[in-house]
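Student: Take these sequences, add in the hints, and give me the full structure.
Just so we're aligned, residue 27 is where the sequence shown starts under this note's numbering, counting upward by one.
Derived from the structure by calculation, the hints contain no laboratory data. Keep in mind that a hint or two might mislead.
[As the list claims (entries may be wrong)] Using C-beta positions, here's what the derived DEER-type ranges look like:
no., residue 1, residue 2, range
1, Ala107, Cys36, 26 to 32 Å
2, Pro199, Ala144, 36 to 42 Å
3, Trp61, Leu226, 19 to 25 Å
4, Ser115, Arg203, 22 to 28 Å
Ideal placement from N, C-alpha and C gives every residue a C-beta, glycine not left out.
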Amino acid sequence: MKSNLIVICCFFAGILCGMFGGEELAAYCTKLPTWLLYALIIQVGLNIGSNGEMGAMLRSVRLSSLLLPLFTILGTLLFSAIASVLLKSWNVYDCMAVGSGFAYYSLSSLLIVQFKEASAGIEIATQLGTIALLANIIREMMALFGAPVYASLFGKFAPVSVAGINSMDVCLPVISRYSGKGIVPIAIIHGIILEISVPLLISLFCKL
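Tutor: As structure tokens, this is what we get:
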């Protein structure tokens, strides 16, 4: 919750800087998103590589449970494609790129700006990156506050799916509380698989 508020505050601080003479500052920061992107990708690798219990978790999970990340990806992309019908300004691939963030708002927004800048221009790329930032923050908030409702109405796997990559960290406590501790290994593996898929899917849809 606190981290989300910090992100939102930084976002609006950037808008204010841009409105009141931030052009010169922006010119000096053109390479900053690229370096932040590299740092975030390194962090993804560190998170996966430093998990010493990966082998034990894999042994405790049934093969059928590994279908959950696949269903999360397919469901998210389906509804993202449907959203493109309502959002006339963006095509289906743009909407699917935004959905492919799976609540990883920091990495997804940077990736979209980087990949779309060459083909669509910095203004359009920034707009789409901003949409990705807000959409994925909202998804995380929905997962945090809606977990008891999802578990009650749709079953124990629903909070995991809604949480996206955050099923392995930020949302794990609420998932454990409302879906049961037995689902924790599945939630962690679900988050790791989605984390790996984020750059791959965003790269794919931004180039289509």
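Student: Between Trp61 and Leu226, does the beta-carbon spacing fit 19 to 25 Å?
Tutor: 21 Å, holds
Student: Confirm or reject the claim that Pro199 and Ala144 have a C-beta distance inside 36 to 42 Å.
Tutor: Cβ of Pro199 to Cβ of Ala144: about 40 Å, so the range 36 to 42 Å holds.
Student: When you take the CB atoms of Ser115 and Arg203, is the distance between them in 22 to 28 Å?
Tutor: With Cβ atoms ~39 Å apart, the hint is violated.
Student: Do Ala107 and Cys36 keep their Cβ atoms within the hinted range of 26 to 32 Å?
Tutor: Holds - the Cβ-Cβ distance for Ala107 and Cys36, about 30 Å, lies within 26 to 32 Å.
Checked against the numbered hints given earlier, the structure breaks only hint 4 and satisfies all the rest.
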